[in-house]
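Asks: Note that the sequence shown ends on residue 531 in full-length UniProt numbering; no numbers are left out.
Where hints are given, some of them may not hold.
What the hints assert, rightly or not - In silico PhoX-like links for lysine-lysine, alpha-carbon gap of 20 Å or less: (1) 381 x 368; (2) 331 x 381; (3) 338 x 301; (4) 318 x 206; (5) 318 x 352; (6) 466 x 499; (7) 381 x 338; (8) 318 x 348; (9) 303 x 331; (10) 492 x 466; (11) 338 x 348; (12) 492 x 458; (13) 508 x 459; (14) 303 x 338; (15) 368 x 406; (16) 499 x 464; (17) 528 x 499; (18) 463 x 425; (19) 511 x 453; (20) 381 x 301; (21) 348 x 303; (22) 511 x 492; (23) 318 x 350; (24) 453 x 406; (25) 466 x 494; (26) 63 x 103; (27) 368 x 459; (28) 303 x 350; (29) 368 x 301.
Stated by the list, open to error - Simulated restraints on C-beta separations: (30) 184 x 372: 36 to 44 Å; (31) 301 x 465: 37 to 45 Å; (32) 480 x 122: 51 to 59 Å; (33) 509 x 478: 30 to 38 Å; (34) 526 x 426: 34 to 42 Å.
Derived from the structure by calculation, the hints contain no laboratory data.
Keep in mind it's a predicted model, so treat the numbers as computed, not measured.
By construction, the Cβ of each residue, glycine as well, lies at the ideal position given by its N, Cα and C atoms.
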Amino acid sequence: MVHPLKLKLENKWNLEGPEDNSFRSNGYGRSLNTNDLLPWVKGHSSYGLQCYLCFGINEIERKYKALLVKSNNYSSTIPDPCGPSGHTTIETYTDVFEAPCTKADKIFMADDGEKNRTYELIGSSNNTQCSAMVSGLFNFGAGCGFSECSFNGSYQAPVHGEFYAFSNFFYEMDFLNLTKNSSEVSLSDYTSELTSLCSSPWSKVKYMKAANAEFLPWYCFRGHYILSLLTSGYKFNDTTWRNIKFLNKVNKKTEIGWSLGFMISSSTSIPATIPEIMISNLAFIMLCVLFIIFMILEVYKSKNVELIAAQINITDTKSLVIISAYRPPNKNDIDYLKQMIIEINELKLKFKNSTFWLGGDFNLPDIKWSEQNISGSMYSKELNEAFIDMLNNLGIEQMVDFPTRKDNILDLFCTNQPALITKIKSIPGISDHDIVLVDAICKPQRSKQSQHKIYLWKKVDIKKIKDVTSHFISELISQTNENLNIDQLWNKFKEGSNKIIDDNVPSKITKSKYTNPWANRDIDHLCKKTT
Numbered sequence: 001m002v003h004p005l006k007l008k009l010e011n012k013w014n015l016e017g018p019e020d021n022s023f024r025s026n027g028y029g030r031s032l033n034t035n036d037l038l039p040w041v042k043g044h045s046s047y048g049l050q051c052y053l054c055f056g057i058n059e060i061e062r063k064y065k066a067l068l069v070k071s072n073n074y075s076s077t078i079p080d081p082c083g084p085s086g087h088t089t090i091e092t093y094t095d096v097f098e099a100p101c102t103k104a105d106k107i108f109m110a111d112d113g114e115k116n117r118t119y120e121l122i123g124s125s126n127n128t129q130c131s132a133m134v135s136g137l138f139n140f141g142a143g144c145g146f147s148e149c150s151f152n153g154s155y156q157a158p159v160h161g162e163f164y165a166f167s168n169f170f171y172e173m174d175f176l177n178l179t180k181n182s183s184e185v186s187l188s189d190y191t192s193e194l195t196s197l198c199s200s201p202w203s204k205v206k207y208m209k210a211a212n213a214e215f216l217p218w219y220c221f222r223g224h225y226i227l228s229l230l231t232s233g234y235k236f237n238d239t240t241w242r243n244i245k246f247l248n249k250v251n252k253k254t255e256i257g258w259s260l261g262f263m264i265s266s267s268t269s270i271p272a273t274i275p276e277i278m279i280s281n282l283a284f285i286m287l288c289v290l291f292i293i294f295m296i297l298e299v300y301k302s303k304n305v306e307l308i309a310a311q312i313n314i315t316d317t318k319s320l321v322i323i324s325a326y327r328p329p330n331k332n333d334i335d336y337l338k339q340m341i342i343e344i345n346e347l348k349l350k351f352k353n354s355t356f357w358l359g360g361d362f363n364l365p366d367i368k369w370s371e372q373n374i375s376g377s378m379y380s381k382e383l384n385e386a387f388i389d390m391l392n393n394l395g396i397e398q399m400v401d402f403p404t405r406k407d408n409i410l411d412l413f414c415t416n417q418p419a420l421i422t423k424i425k426s427i428p429g430i431s432d433h434d435i436v437l438v439d440a441i442c443k444p445q446r447s448k449q450s451q452h453k454i455y456l457w458k459k460v461d462i463k464k465i466k467d468v469t470s471h472f473i474s475e476l477i478s479q480t481n482e483n484l485n486i487d488q489l490w491n492k493f494k495e496g497s498n499k500i501i502d503d504n505v506p507s508k509i510t511k512s513k514y515t516n517p518w519a520n521r522d523i524d525h526l527c528k529k530t531t
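Required output: the full structure, derived from the provided sequences and hints.
Replies: Listed below in structure tokens is the structure:
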């Protein structure tokens, strides 16, 4: 989206969401009267918009995983040429195939447990094979009825003029250190850096600097996807490549983004109102509460003030401590806040190596957080200073810089790891306060069920096992004498019994998979019950 400044509309791309979007103003698109759009888009120009559903970065990664699984006959262990060697990714059947863009690729097996299957994608750092696999995600040979076609039967106008590539285009180039002077970066420069990345093992890749370390194993795939899309799809060459500007901002005042591509393609207009939230606040809060319940390791609830805390495991050695607190506006005495500060200090001391989140409505409108000084007089100076001193003493930063109720900052979010917070903003609340929404870089650890053997007793040959057992008992009795003690007799009996079971009872090994600890046998029975 271009903000309402005096900017020339250029060619723009975005890889967000489920589709790839291409927006043009080069005379090859559909002619629109921009007076019919938003007030800030004026005049008459020729625009074009192309949206490729299922080719946004998230869905194309899913399609790539589905292609890997299909190409390896749905094996449980699959080589991943785009993944760094030494790195393994576990994917579930449901995550890969239970989506609109990959449903056509899935298979159905007689075993109802198929949906619980997992696939182990083992990285191999094979640049050549990665390029070939990514190209296989496009149908470059499909005709479109014109001399110039991109892929999947779509018309492609010749590329000319300047192009803005943002979102994941920018992040990929930034990861490859090619964004400072993107107009000076050639196609061969990009290809060289990408080849080096895709040939590197995980032992090297994991130490590379990235905005989000979670995506490190996928930068090779994303790089080849962008390369195929721009060169084979949009027909960029060594000359026209230099016309692409990989940006996340047009200038210091203007940000660009494109989150509504599919809707624009359908309606040829950008909505002037705030999109309707697809999930209610109550449902969202309930989902968050359920998630916290499932992941909580330790809970603390104060008996003196309105404060509750939970510890959530992030890795084997790191945890996240979340504290929610509320200071009622009628609690004007310093003693209430001091008691709250004491308990927060105790929690910080107890979990001193943890990432610390403190949030809640503290009703402290007098504090000017940009300067950490007191600018109002609604509450006593002692009360305001006590809270500021607590944050400074604990090394915690308050990050909310926007009003949450009228013109006041009442709802706060504080943390000792501000670098892990990628975005913090307000969204409409269910009361007269706005909700503080925080995006952070953290991923809860999930326990994985270990493999074990299951005996299939229903498939046992009863007559055979009786005969073998009878023979074993006779042999054991014949070997028994007074020189054998009770332990020796027990070991002979145990070893013989186990051998009979292993030799005569069919078995299978369960697969290692992530489990849902709340799904017990009764819940499974209800899920399978037909009405």
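Asks: Quickly compare the C-alpha distance for residue 381 and residue 338 to 20 Å and report which way the hint goes.
Replies: Satisfied, since the Cα-Cα distance of roughly 14 Å is no more than 20 Å.
Asks: Taking only the CA atoms, is the gap from residue 303 to residue 331 under or equal to 20 Å?
Replies: Holds, at about 16 Å.
Asks: Just to be careful, I want the Cα atoms of residue 492 and residue 466 compared with a cutoff of 20 Å; is the pair within it?
Replies: Roughly 18 Å between the alpha carbons, so the hint for residue 492 and residue 466 holds.
Asks: Is the straight-line distance between the alpha-carbon of residue 318 and that of residue 206 20 Å or less?
Replies: Between residue 318 and residue 206 the Cα gap is close to 18 Å, so the pair holds against 20 Å.
Asks: For residue 318 and residue 348, compute the direct alpha-carbon distance and say whether it is at most 20 Å.
Replies: Since the Cα atoms of residue 318 and residue 348 sit roughly 14 Å apart, the hinted pair holds (cutoff 20 Å).
Asks: Just to be careful, I want the Cα atoms of residue 381 and residue 368 compared with a cutoff of 20 Å; is the pair within it?
Replies: Holds, at about 13 Å.
Asks: For a C-alpha distance cap of 20 Å, please report whether residue 453 and residue 406 respect it.
Replies: With a Cα-Cα distance of about 62 Å, the restraint between residue 453 and residue 406 is violated, given a limit of 20 Å.
Asks: Taking only the CA atoms, is the gap from residue 466 to residue 494 under or equal to 20 Å?
Replies: With Cα atoms ~17 Å apart, residue 466 and residue 494 stay inside 20 Å; holds.
Asks: When you check the alpha-carbon spacing of residue 528 and residue 499, does it fall within 20 Å?
Replies: Given that 20 Å is the threshold and the Cα spacing comes to 36 Å, the pair is violated.
Asks: Below or equal to 20 Å on CA atoms is what counts here, so check residue 463 against residue 425.
Replies: Given that 20 Å is the threshold and the Cα spacing comes to 71 Å, the pair is violated.
Asks: Given the hint of 51 to 59 Å, check if residue 480 and residue 122 actually sit that far apart at their C-beta atoms.
Replies: holds (52 Å)
Asks: Within a Cα-Cα threshold of 20 Å, do residue 381 and residue 301 meet the stated pairing?
Replies: Judged against 20 Å, a Cα distance of about 28 Å means the pair is violated.
Hint compliance for this structure: hints 12, 17, 18, 20, 22, 24, 27, 29 and 31 are not met, and every other hint is.
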